[in-house]
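On the provided structure of chain R, position chain Y as indicated by the hints.
Listed here are the chains, written in short residue letters.
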Amino acid sequence: MAQTVDHASVQLDVRGVQVNLFRGGSGRPVLFLHGAGGAGAWLPFHGLLAEAGFDVLAPDHPGFGLSGEMQHIECMDDLVYHYLDLLDVLGLDGVDVVGTSLGGWLAAELAVHSPEKVRKLVLLNAVGLDIWEAPVKDLFGMNPEETVAAVFHDPAIAASLFPAEPDLDFILGLYREKVSFARLAWNPYCCNPKLESRLYRITAPTLVVWGEEDHLVPIVHGERYVEKIAGARLATIPGVAHAPFLEDAAATAALLVDFLEA
Amino acid sequence: MDVFLFHLMPYPETPENFDEYQTSWLTYPRKHFDPRKGQQLYKEYLDQLVYAEELGFDGVSVNEHHQTTYGMMPCPDVMAALIVRETKRMKIAIIGNALPLRDHPLRVAEEIAVLDCVSGGRIISGFVRGIGVEYFTFGSDPTRSRERFNEAHDLIIKAWTAEEPFEWISKNYRFRYVNVWPRCIQEPHPPIWVPGFGSPETFDWVAKHRYTFMSVYAPTALQKSWLDGVRAAANRYGYEADPSQLGALFPIHVADTDAEAHAAAEKHIHWLFNKGLKHKLEYLYPPGYMSMGGMKAAMLSGLKPFHEYSYKELVEQGFIIAGSPESVREQLLESQGTLGFGTLATLLQFGDMPNDRARASMELFAAEVMPALKAASPVAPVAA
Numbered sequence: 000m001a002q003t004v005d006h007a008s009v010q011l012d013v014r015g016v017q018v019n020l021f022r023g024g025s026g027r028p029v030l031f032l033h034g035a036g037g038a039g040a041w042l043p044f045h046g047l048l049a050e051a052g053f054d055v056l057a058p059d060h061p062g063f064g065l066s067g068e069m070q071h072i073e074c075m076d077d078l079v080y081h082y083l084d085l086l087d088v089l090g091l092d093g094v095d096v097v098g099t100s101l102g103g104w105l106a107a108e109l110a111v112h113s114p115e116k117v118r119k120l121v122l123l124n125a126v127g128l129d130i131w132e133a134p135v136k137d138l139f140g141m142n143p144e145e146t147v148a149a150v151f152h153d154p155a156i157a158a159s160l161f162p163a164e165p166d167l168d169f170i171l172g173l174y175r176e177k178v179s180f181a182r183l184a185w186n187p188y189c190c191n192p193k194l195e196s197r198l199y200r201i202t203a204p205t206l207v208v209w210g211e212e213d214h215l216v217p218i219v220h221g222e223r224y225v226e227k228i229a230g231a232r233l234a235t236i237p238g239v240a241h242a243p244f245l246e247d248a249a250a251t252a253a254l255l256v257d258f259l260e261a
Numbered sequence: 000m001d002v003f004l005f006h007l008m009p010y011p012e013t014p015e016n017f018d019e020y021q022t023s024w025l026t027y028p029r030k031h032f033d034p035r036k037g038q039q040l041y042k043e044y045l046d047q048l049v050y051a052e053e054l055g056f057d058g059v060s061v062n063e064h065h066q067t068t069y070g071m072m073p074c075p076d077v078m079a080a081l082i083v084r085e086t087k088r089m090k091i092a093i094i095g096n097a098l099p100l101r102d103h104p105l106r107v108a109e110e111i112a113v114l115d116c117v118s119g120g121r122i123i124s125g126f127v128r129g130i131g132v133e134y135f136t137f138g139s140d141p142t143r144s145r146e147r148f149n150e151a152h153d154l155i156i157k158a159w160t161a162e163e164p165f166e167w168i169s170k171n172y173r174f175r176y177v178n179v180w181p182r183c184i185q186e187p188h189p190p191i192w193v194p195g196f197g198s199p200e201t202f203d204w205v206a207k208h209r210y211t212f213m214s215v216y217a218p219t220a221l222q223k224s225w226l227d228g229v230r231a232a233a234n235r236y237g238y239e240a241d242p243s244q245l246g247a248l249f250p251i252h253v254a255d256t257d258a259e260a261h262a263a264a265e266k267h268i269h270w271l272f273n274k275g276l277k278h279k280l281e282y283l284y285p286p287g288y289m290s291m292g293g294m295k296a297a298m299l300s301g302l303k304p305f306h307e308y309s310y311k312e313l314v315e316q317g318f319i320i321a322g323s324p325e326s327v328r329e330q331l332l333e334s335q336g337t338l339g340f341g342t343l344a345t346l347l348q349f350g351d352m353p354n355d356r357a358r359a360s361m362e363l364f365a366a367e368v369m370p371a372l373k374a375a376s377p378v379a380p381v382a383a
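From first to last, the protein sequence lines stand for chains R and Y. Be aware that the first sequence starts at 0, since it is given in numbering that gives the first Met the number 0, and climbs by one per residue. Be aware that the second sequence starts at 0, since it is given in numbering that gives the first Met the number 0, and climbs by one per residue.
If we strip away everything but chain R, and leave its shape as in the complex, we get:
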């Protein structure tokens, strides 16, 4: 689909951490927080939100994509403060926050910490909760084929996102992001055991979106978010797995636009 809204890559200095921010569109600011993968690009999904009339802010987390190294950021807690600082740098008092997977965990932590800064909250296949009977599968131990099978329902979509013959720089880039991911999520794996008991603090209207074929993060995680966040509701998207915004950007964007405009 043709993208009709321009975007720019903006470089920010957030307390000494160099941040690459993709920004496009105009309207209500929407902060998109990426997961362990998917940094370093302005995605078709971002374009769809921008076209729908939003000011889309898609930063790369420190240690990911085109942003600089993590430096003092060693855990999710530190990353939350980094994003509070980033909002200050941008002069934004309140934003809609959309977080996917690892970024969903981050979005929930942000809304717990500073509920007044989050106008509306969208959690896409978010990790973050410590559910003993249905833990998130171990991405760190998966080989590339296993990872693709866990994240995507349609392997052809994954194939279109990765080079057929990755070179050294590409592989080292992936390794760098995996190291950053591990710093945030190695153990406890992909969760903050305290988060669930703090979700009551969230005041933003909340939409939880899950790909129906997500076997990496079982949907009970989505259901638990809905149960613990006042007024939250769950929407599922058929035929997609852990990354609905990649596998079915149009359906995901349509759900979000409806929710954010309501």
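FYI, nobody ran anything at the bench for these hints, they're computed from the structure. Mixed in with the good hints there might be a few duds.
What the hints assert, rightly or not - Partial pick of chain Y residues on the chain R-facing surface, computed with a CB cut under 10 Å:
| id | residue |
| --- | --- |
| 1 | Glu19 |
| 2 | Gln21 |
| 3 | Pro141 |
| 4 | Lys295 |
All values derive from a computational prediction rather than experimental measurement. Built from N, CA and C at the ideal position, the CB exists for glycine as well.
Then chain Y, alone, in the frame of chain R:
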């Protein structure tokens, strides 16, 4: 040159469907361990290590690996304890204790101190990070591996040398009352050995502390680059590395003739590299275990996964040494001339090698190879 008998204590029996497993580590099911078989193997292996004293080795080495058929020594200090009381003269090198995997490094300080005290000062204390897969075993954070290693080391050394109780505060460890009993016999503390696999950070750290670096399983050319890395790092710290600071480890097999040695070695090396070292790469290299520089160096090293090497390649590239006593002697002296090591660790039982063959190889090595090695004064390698 100091010559050590190194052991891995493999558990060689594997099921018929072994090939269906991605790895012989971490997730390889424990149902494949028969404890009665294990009891017999422990006896044979421990007897081999104790026999090394009678054969004239300078010492033996035990090591730490977890959840694998590769080796049955998850608790190296226990293994050393089993040897201490059956020997009188030789050194016992524990290579090593995986410091970052322990939540309480002071337990290492205590265990080594007990062993050094009981043995009359015969312990060499290896410090390792543990291999990558072991960060999955213990859920330990690989991105903090090196800082935990460095902090645990500093704590242990201080615990061994301080005269008075002290409080320890570092990023990863906090102990309000450090006062390790007993004390080591060796002053100021047992020698420290550190095996490495090409991380530039390790070369620098070993050189800084003037410890002994041990290379493991690699082609001669790569081993040379590692030992050169230690020598260069020593130069940066203003001194020349002593050959005793440079160690090399080889699987070695000695038999009456080259043909017999190679025939046997090929079979048992096949087990070591294709079964014992059957790794899943994602487990072997968890994120952050290697720095970006270390990862890049590993990717550019040209090393293949171990199971992709043929026996011929392993021999030609210098991973392993096999032959008649005369040819093993020549190969080791040549290798010593190239690499400049002053400490040699010999892996004389490997893979599924049976007890009688391992002992025969040990005897031939001790009688006909070792004397020439000990007589040879270590020489620094000729600059390339």
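For each hint, the structure was consulted:
The interface hint given for Glu19/Y is violated, since its Cβ lies 16 Å from the closest Cβ of chain R, which is over the 10 Å cut-off. Annotation: Gln21/Y was flagged as interfacial toward chain R, and the flag holds, the nearest CB pair being 8 Å apart, inside 10 Å. Restraint check, Pro141/Y versus chain R: the minimum CB separation of about 6 Å is within 10 Å; hint holds. Given the 10 Å rule on beta carbons, the hint for Lys295/Y holds: about 6 Å separates it from the nearest Cβ of chain R.
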